[in-house]
Every structure is written in structure tokens, then in C-alpha cells.
Amino acid sequence: MVYGSSSSLFANHTTTSFTYTFTTKTSEKDAKNIPYLCNICRNKCAGFARVEDGIVTKLDPNPYFPKSRNMLCPKGNSGIQALYDKDRLKYPLIRIGKRGDGKYKRVTWDEALEYIKNSLVEILNKERDNRSTIAYCNGEGFEKEEMIRFFGGKIGSSNFLDEGSICLNTRLGAYLLTIGTVGEPDVGGSDYIIFAGSNRLESLVTPDSIELAKKRDATIVVIDPRCTVTANKADIWLPIKPGGDLAFCLAMTFVALKDKLYDKDIVKKHFKDFKEYKELILNSGYTPQWAETKTGIDAALIEKVARDFFNAQRPLFHPGRRSVGSRNDFQFRRAMVLLNAMAGNINTKGGIIYGKPLKLPHIEVDEPLYSNSKDRFDLEGIAYGSAQAGSWINFRKRVLENTAPYKIRALIARKHNIMQSIPNISKTEKFLESLDLVVVIDTMPSDTAMMADVILPECTYLEREDLAVSFNYLEPSIALRNQVIKPMYESLPLHVILKKLGTKLNKPLFNVSKKFDESLKEDIQKFGEREAFKRGGYDLVELYRKTLQERNRDMIVSTYGTEAYKTLKQKGVWYPNMKTYRKKIFNNSYSYYPEDKKKYRTNDDYTVNCKLKKMEKYNLDPFPLWRDEYDYHVPKGMFRLITGRYIYYTQSATSNNEMLRDIQSTNHAWINNSVAKRLHIELGDLIEIKSSVSKIYIKAYPTNKIAPDILFFAHGFGESSKELTNAYGNGASDNEIIEDKIEMVYGDAVMNETNVSIRKVGS
Amino acid sequence: MRYGMAFDYELCINCKACVVACKEENGIEKGANKHRLWIDSDDLEGDYFSLQRSRTTFKPVKQCQECLHPFCMPVCPVDAITKGTGGIVMTDAKSCILCMKCIEVCPYEARYVDDKRGFADKCIFCSDTRLARGKTTTACQITCPAKVRIFGDLDDKDSEISKILKEREYSQLEYGNNQPHLFYLKPLKK
Numbered sequence: 001m002v003y004g005s006s007s008s009l010f011a012n013h014t015t016t017s018f019t020y021t022f023t024t025k026t027s028e029k030d031a032k033n034i035p036y037l038c039n040i041c042r043n044k045c046a047g048f049a050r051v052e053d054g055i056v057t058k059l060d061p062n063p064y065f066p067k068s069r070n071m072l073c074p075k076g077n078s079g080i081q082a083l084y085d086k087d088r089l090k091y092p093l094i095r096i097g098k099r100g101d102g103k104y105k106r107v108t109w110d111e112a113l114e115y116i117k118n119s120l121v122e123i124l125n126k127e128r129d130n131r132s133t134i135a136y137c138n139g140e141g142f143e144k145e146e147m148i149r150f151f152g153g154k155i156g157s158s159n160f161l162d163e164g165s166i167c168l169n170t171r172l173g174a175y176l177l178t179i180g181t182v183g184e185p186d187v188g189g190s191d192y193i194i195f196a197g198s199n200r201l202e203s204l205v206t207p208d209s210i211e212l213a214k215k216r217d218a219t220i221v222v223i224d225p226r227c228t229v230t231a232n233k234a235d236i237w238l239p240i241k242p243g244g245d246l247a248f249c250l251a252m253t254f255v256a257l258k259d260k261l262y263d264k265d266i267v268k269k270h271f272k273d274f275k276e277y278k279e280l281i282l283n284s285g286y287t288p289q290w291a292e293t294k295t296g297i298d299a300a301l302i303e304k305v306a307r308d309f310f311n312a313q314r315p316l317f318h319p320g321r322r323s324v325g326s327r328n329d330f331q332f333r334r335a336m337v338l339l340n341a342m343a344g345n346i347n348t349k350g351g352i353i354y355g356k357p358l359k360l361p362h363i364e365v366d367e368p369l370y371s372n373s374k375d376r377f378d379l380e381g382i383a384y385g386s387a388q389a390g391s392w393i394n395f396r397k398r399v400l401e402n403t404a405p406y407k408i409r410a411l412i413a414r415k416h417n418i419m420q421s422i423p424n425i426s427k428t429e430k431f432l433e434s435l436d437l438v439v440v441i442d443t444m445p446s447d448t449a450m451m452a453d454v455i456l457p458e459c460t461y462l463e464r465e466d467l468a469v470s471f472n473y474l475e476p477s478i479a480l481r482n483q484v485i486k487p488m489y490e491s492l493p494l495h496v497i498l499k500k501l502g503t504k505l506n507k508p509l510f511n512v513s514k515k516f517d518e519s520l521k522e523d524i525q526k527f528g529e530r531e532a533f534k535r536g537g538y539d540l541v542e543l544y545r546k547t548l549q550e551r552n553r554d555m556i557v558s559t560y561g562t563e564a565y566k567t568l569k570q571k572g573v574w575y576p577n578m579k580t581y582r583k584k585i586f587n588n589s590y591s592y593y594p595e596d597k598k599k600y601r602t603n604d605d606y607t608v609n610c611k612l613k614k615m616e617k618y619n620l621d622p623f624p625l626w627r628d629e630y631d632y633h634v635p636k637g638m639f640r641l642i643t644g645r646y647i648y649y650t651q652s653a654t655s656n657n658e659m660l661r662d663i664q665s666t667n668h669a670w671i672n673n674s675v676a677k678r679l680h681i682e683l684g685d686l687i688e689i690k691s692s693v694s695k696i697y698i699k700a701y702p703t704n705k706i707a708p709d710i711l712f713f714a715h716g717f718g719e720s721s722k723e724l725t726n727a728y729g730n731g732a733s734d735n736e737i738i739e740d741k742i743e744m745v746y747g748d749a750v751m752n753e754t755n756v757s758i759r760k761v762g763s
Numbered sequence: 001m002r003y004g005m006a007f008d009y010e011l012c013i014n015c016k017a018c019v020v021a022c023k024e025e026n027g028i029e030k031g032a033n034k035h036r037l038w039i040d041s042d043d044l045e046g047d048y049f050s051l052q053r054s055r056t057t058f059k060p061v062k063q064c065q066e067c068l069h070p071f072c073m074p075v076c077p078v079d080a081i082t083k084g085t086g087g088i089v090m091t092d093a094k095s096c097i098l099c100m101k102c103i104e105v106c107p108y109e110a111r112y113v114d115d116k117r118g119f120a121d122k123c124i125f126c127s128d129t130r131l132a133r134g135k136t137t138t139a140c141q142i143t144c145p146a147k148v149r150i151f152g153d154l155d156d157k158d159s160e161i162s163k164i165l166k167e168r169e170y171s172q173l174e175y176g177n178n179q180p181h182l183f184y185l186k187p188l189k190k
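So the protein sequences, as listed, match chains A and B.
For the first sequence, this note's numbering gives the first residue as 1, with consecutive numbering after it.
For the second sequence, this note's numbering gives the first residue as 1, with consecutive numbering after it.
Hints were generated in silico from the structure; no laboratory data involved.
Here the structure is a predicted model, which is why all the values come from computation and not from measurement.
Cβ coordinates follow ideal geometry from the N, Cα and C atoms, glycine included.
A hint or two may mislead.
Straight-line C-alpha distance at most 20 Å; calculated SDA-like pairs for lysine to any residue [claimed, not checked]: (1) A:Lys486 to A:Ile34; (2) A:Lys584 to B:Ile164; (3) A:Lys499 to A:Val365; (4) A:Lys583 to B:Leu131; (5) A:Lys584 to B:Gly84; (6) A:Lys215 to B:Ile103; (7) A:Lys214 to B:Tyr112; (8) A:Lys86 to A:Asn726; (9) A:Lys583 to A:Pro63; (10) A:Lys584 to B:Lys163; (11) B:Lys59 to B:Asp156; (12) A:Lys215 to B:Arg55; (13) B:Lys34 to B:Thr136; (14) A:Lys29 to B:Gln52; (15) A:Lys677 to B:Lys34; (16) A:Lys25 to B:Ala32; (17) A:Lys215 to B:Ala32; (18) A:Lys571 to B:Val113; (19) A:Lys699 to A:Glu682; (20) A:Lys25 to B:Ile164; (21) A:Lys29 to B:Glu169; (22) A:Lys29 to B:Thr137; (23) B:Lys30 to A:Thr21; (24) A:Lys215 to B:Lys135; (25) A:Lys504 to A:Glu367.
Some chain B residues well away from chain A (every beta-carbon gap over 10 Å; in silico) [said to hold, decoys possible]: (26) Glu29; (27) Gly31; (28) Asp40; (29) Lys83; (30) Glu160; (31) Tyr170; (32) Leu173; (33) Asn178.
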């Protein structure tokens, strides 16, 4: 891939003048191989980047990393295309047209930051130094913590949002509240595994899915309304009505309790409120016959799976990994983790692992206490919620309906394409339109970037070093993302952006506080301004006095010594005894820890909470129970829309990737083949899918792998940003038509409860 | 030395990491029909409620089989196709006149037209990239999440491929006496 100089900005394609080659054949010569960590999806696989004459020509898997086990998925391999994407954000930009129309002018970094400063000062003056008027968000990825430390800790906003409420916070919360850890499932060690709605062979490749793909020594049960690749490969596939998973778990619990199949010693030693749970389940009549009416799964099969699960040596009900499907998702995950615990598979091989992650201490800095900074409001009425994630739909709703206790005037969005990722896109658009200032820090001109007033180009993951990260519970390791090549164009890494921004904002924002903050006024009187600034922790660039590279070195050397640091720079991965523990097995596979050194059992004092008393206060069930409102219903002639992923795409972040487009050109709507025939819909026909929210147009894929009353299409398509030349107008976006409903335990978006009608519009 | 590849294809999840890695490593051009390897995927029989599922839906069959007696070699009018190190069937890009005969005669649909270099390209086990650099793995093999592909020297009895072929039953996609060097391991799990 060769780039000439491009003097144009993206808004003006006609003058763009770089030479672009799709791929670059690697040469016979030796080249630099730099260890890096992938950023294409959540897993953060380790790789080595081959650099020839300054060009990244190939990404290879890193054999040292227990988490990615010497592999790179199709998306990881396509990371080069993210680096050399011709549509990348290259320069700081300031909007000159209307929001959303893509008209921007190229500015210098200083001009962009000056604009942000002026706007923030005005906003904070209006809001009398209520720092929480500046909301900020960061999707999944490294350095999210840096955003929180800067905009939360230093600037003082309590309104942080991330992908948690449009992802799997209910699953994380259910495990954490019930057994005290989100846990790590040991798929490799289990002999009977149930996956419910978790398409582990397609959605994203993680250690558990690698184990699953290779696994032959276990019975695999997959519960899914769609015959996914995971379902197709399973020993038993149980097609289920969407939202019925909780009923399935309750019936399994019923069978286990009635026939006392559970591990009595474990229950006695670790369970709280078990008796009450037991009586409630048995009295509620959650028989397999009852569950058949809720799930559509044959009662005898439910009973068989329940018995086989409890009779297995090392059974595992996989915790799951997907966005929230139904409003009862938290209760479903609760019932599931209780099943795991009843089967005695917590804190043991083949079960849910507490493990022992390696510690990495971060530098502490002082954070100011702003007297006028108000609390967040999006979790009011939500039973648990997460202040580290918030509730996007609730937040957006309160802002749009003007029911927030104060005005939200600004949003700083980093690596979070909220225009694509939150159900009901038109509401997100209106939300963004309502703000005085929208700043987007990203690598691509996403739909969200097109709503920004200021766009700050961040470099891609191959162009920067990030803070080292500790990974995994069972086979823990530390991995370091090294810089492969210098940032292209005028893009910068986040910590440099924050340092520049902090320098720009330091005095002006402090001056606003000086006007409105009574306790700061007192401090200034007492200590003088300079000292009050210092003591109060107001210095926004305190964290960036050292470079990120220096911070990494200090952090690693002080905790694990120079050898660990050297290894991380050379190999990208380090853990204690890596040299002696790591062994080649067969065909490029390795074992990373000897069996007796794996962290199977690390917490013999764990507690299993059957009851969550706090739920009662919110009129929710303290034990996992079924409610009538959970019953599956689709009006005649309509379909239930369910969403999911292709293995070739990661949400909307990869939608413009040239290589992945080559593999899977677009998304299709899965429709049952018999139904399609009746409606005269053939492969590739254009259909309209309409919900109460909106409608989309998409090509049809008639298949026998989906139920007659269900419709599926994959997330990550249908971008509206014209600056994404590959992705624009390609396929359809699920969130355009998914209704914006939430569940009430974490305020998470419920993705699979929208009924739709369809109409053929073209062939 | 005789290079070969075995496929534990029961484990294939059709993620096509192999296809992408091959394209990036070997500088293959853009286009869904421009590739040195591809995974075929079977449709499932039956209707939704009686679906005939299978662990072997995905088949890494569209790839040069490095035949001992390749169909492509004798039909080339300009002798552009020769046997290289390890029995790899090589095609000389400069001599190739794109008469398409080798493409038509190959039962595996292994070849495609490389428009950049103007010849009938196919998989050569990364012999002018990775193997030339002294690596012992191909791009498709090393990247595979399920480690479906096992590559090596069939003449070396200690090589992993020799061992697995001794250990496991396999089949080959033979046409007459062409003697392909790709092996499909019999599934272990029903």
C-alpha cells in the first residue's frame, strides 16, 4: 500500500490523490515484526505486524498470548485495511454546514481545540460550572479509562456512557451480584456445555470460542431461534421462541430441585436463601411441560438436558456473550448462574472461574471536587445500573424529553458510533442535534462523526502504543500494544490529544470554577490561586507530564521488573514463568500454563446469592421468576426481528473495511424459506421491513435456518455517512427499526422485542 | 521433499481468516472471485423443524491440490507450468498467455486470473513469500482459529502432517491418477 501526499480533506473527494493498492505482497526479505494488539473487536488478540519500507504488509498471529492462542480472525487479518482506509479521518475538522450533511473545513489542531475551549467555557458559564453538562462517551476499547480519568476525574462530569447498556451489562451484573465475579467460562475443561442465544462461533472469536471450535470431547447444546454456525455444529440444537431462555432455565432448575440432582454439599456451604428459592420454584410449577409452552421446546427434551447437565462431570451453562435480547435477560442470566452454582461448577475446572488476574497499578492523580457538578440521572428508577456505563436509552430519553434535572449541552464521543449502535436512530440524531457542542474523536467518518461540530482524528491501533493491559482469569497474562508505524496524516493517539486539550482548557475552565465554586473561592482565599489550583488537583495535564511510553515502563518495571518490560516490548506478551510454562503442542497450538498452574480454584469462600433483596424496592423479582409479560407474542402476519452478527464484521466499526466487504458484501434479511415462497420472495429480492419506529430496505435471504415467524439481519450495515465510501448505503441498519425499549435492572437496550411487517418491493 | 496439507475440516467454522490472510500475505487483488482458496458451504436439508444439521458443512476444497500428475501442466501450450521445490505446481507469470486452458481443466476450480500480473494464479503454499523467508507455515494455516490446516513435508516421517495422516483416517479428492497432496481428515465426532 503506497500513499502519496493527500492535501484534501474528506469532504472533497475530487482532489484526493493518493495511490492505493488493495494488498501488498510480502517480500522474501527479512522485515521488522512488531508485536501489537488488535483492536478490531473486544478480544484484543495479539499479533506481529510485518513492516517493509515503512508499509505494514501483513499481520500475523502472536503465539505468546494465551487469550488469542496464535490465531487472527478474518477481521484481525483485515486490520491493515483499517490502517490504510482511504476514507480515514486525516485532519482536525470543524463543521461548516448543517449537522449531518458532511460539510467540514480542515483546521489545525490548535484551531480545533480553540473552538472546543470557547464552546466549553460558554457552556459552563451558562450552567454555572455544572461539569456534568458535558457528557462523554467511549465505546469498547483501550484507553477508555483515560477518557474517564480526564473528563470524569479531572473535568468533573458524572455523565459517562459506554457500550455496556447496549451490550451485555445484565449478564455481567447477574454474575457479579450472584457469585461475586463476572467469571470466566472454562469451555476447554467442560464436558457438557449449554449455549443460549450466544453464537460463539460467529459473533467474535475469543478464547472460549477457540476452545469450542476445537472441542470434540463434550456434548454441546445450543439454544437459538436461528440455526447459526454454532447451532449447526452442536450435538443438540433447541430452536426456541425469543425470550424463552429464562423459562428453559427455570424448568431445568425445577427438575434439579424436584429430583435433588444438585450438589448438596456446595449448596450447604455456599448458598444463601436457597430454601426460599427452592420452595418458590417448586411451588411456581415451572415444570418442563410449562416451559414447553413458553419456549416451544419439547418438554421431554428440556427434562433430558436438565438431567444430562446435572449428571455431567463438568457441566457448564455458558454465561453468554451478546447484546440483551429480552426484557427478562437479567433474570435469565441469574437463573443460569444459579444453575451453574447448583451443579457445583463455580471455582472449578470446566466451570465458572474466579481465577487470578495479574495486577497492574495505575498512577494516581488528584481529582478536583467541583461543588456545582451534579449527579447523573439516567440510572434513576433502574435497580442496579452501572455508573461506568450508564443507560444510553434512558439518558437520551431524559435529554430529549427535557426531563433531566439539568441541561446536557455537550457530548464528547470517542470510538463510539452511537448513531448506529443505539436502537431508534432518529432519536439519537435528535439528541445530538439538541446539543450545543458535539466533539467526535475517532478514526473514521462514521455516522456519529457526521453529527459533530469538531472532529479530532485519532490514529488507528497500529499507529500507537497504549497502556499495557492485564488479561484473563484462568491463564492470566499482560499484553502491550506497541506502536507499529508512526501516526499517518495529522492523526494522534488519545493521550496526546488529551494532553493538548488539557493544556488548552486548563486555565479557562479553572477561571469558570473561580466564578461559581464557593469552596474553591475559599481555598483561593486561604492558599492563593496557584496553590489552590495545585492542591485541588485542577491541573488537567497532570497525568500527561510523562509520555505514555514512560508511564508504561514505570508501571511494568515497578511491578514486574525490567525483564517483563523487555519481553513486552519484544514479544508483546508477558506472564510469570512464560518461558518455562509455554509449550508447543501440535500444529501451531501451544499450552500456556501447565495444568496444575492454571487458576482453576482460587476462591473457596465464595457466596451464592439466590436472593437480591434490592430488587423488591423496584418492584422487580428478587428471585428469577417468570412474569406473564415475558410471554412471546407476534401478531398474525408479522415477524419478530432478531439481531446478531456475521463473523466478518464487528458492529459498525468494520463496515467500511475493503477486505471484509470482499468476503461478505452486504447484509441480508433471513426469512424462512417456506414463508418466502408463499410471499413470492426470492434470494436477493428487495424487501421493506417496517416496525413502529421506521422502515428499512434490504435484500432477502430465504433459508430453512430460521423460524417462520422470525426475521434476522446482521448488525453493522446501512451507514448513512457518505464519507464512508464502501459502507454508505450498503445493506440496512437494524437500529433504524429496533424499538427503544429497556430492561429495568441495568437500563440496557432490549434488542429482540420488536415485531415487524414485511413487503416485497423489488426483485 | 513433498509438501502437503491436511484438513481437520470438521472444525472449520467458515470464518475465512484463511482467505484474508492469504490475500494479505500474497498480495492478491480485490474481488470476491480473486482468491487462491475458498471455503465451500453446503446448504442444510430439511425444513426448519426437521433441519439436517452437520459438523462438516464447511469444506476447504477450492484450493490447488498440488497433484503429482496435475491436469493443468500438460495442457499449457507454453510450458509455463512446472514442478517446483517440494512438488509445488508453479506457474511462470511471464510466460503465461492466459489461454485459460489450465483454469478450465482443473476440477478443483483452483485457479483464477490475476489481472495485476496477467496470469493464471493459484495457491503455491506461500512458497515465494513465507517459505522463501524460511517459515514453515503458510498464511492460511497459521492464522486459523480452529487450526484446521496442517502443513508440512510428506516425505519427513516426523513432520506433523505425516504423523496425523498415520494416526487418522482421511480421504482425498482424486480424479483418476492425479494423486493430490491435500488430505481431508475423517471427522472424529458424529
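Here is what the structure says about each hint:
no., hint, result
1, A:Lys486 to A:Ile34, "13 Å, holds"
2, A:Lys584 to B:Ile164, "16 Å, holds"
3, A:Lys499 to A:Val365, "14 Å, holds"
4, A:Lys583 to B:Leu131, "24 Å, violated"
5, A:Lys584 to B:Gly84, "30 Å, violated"
6, A:Lys215 to B:Ile103, "37 Å, violated"
7, A:Lys214 to B:Tyr112, "31 Å, violated"
8, A:Lys86 to A:Asn726, "10 Å, holds"
9, A:Lys583 to A:Pro63, "10 Å, holds"
10, A:Lys584 to B:Lys163, "16 Å, holds"
11, B:Lys59 to B:Asp156, "27 Å, violated"
12, A:Lys215 to B:Arg55, "12 Å, holds"
13, B:Lys34 to B:Thr136, "25 Å, violated"
14, A:Lys29 to B:Gln52, "49 Å, violated"
15, A:Lys677 to B:Lys34, "33 Å, violated"
16, A:Lys25 to B:Ala32, "18 Å, holds"
17, A:Lys215 to B:Ala32, "31 Å, violated"
18, A:Lys571 to B:Val113, "39 Å, violated"
19, A:Lys699 to A:Glu682, "9 Å, holds"
20, A:Lys25 to B:Ile164, "31 Å, violated"
21, A:Lys29 to B:Glu169, "39 Å, violated"
22, A:Lys29 to B:Thr137, "16 Å, holds"
23, B:Lys30 to A:Thr21, "9 Å, holds"
24, A:Lys215 to B:Lys135, "28 Å, violated"
25, A:Lys504 to A:Glu367, "18 Å, holds"
26, Glu29, "6 Å, violated"
27, Gly31, "7 Å, violated"
28, Asp40, "14 Å, holds"
29, Lys83, "20 Å, holds"
30, Glu160, "6 Å, violated"
31, Tyr170, "15 Å, holds"
32, Leu173, "21 Å, holds"
33, Asn178, "26 Å, holds"
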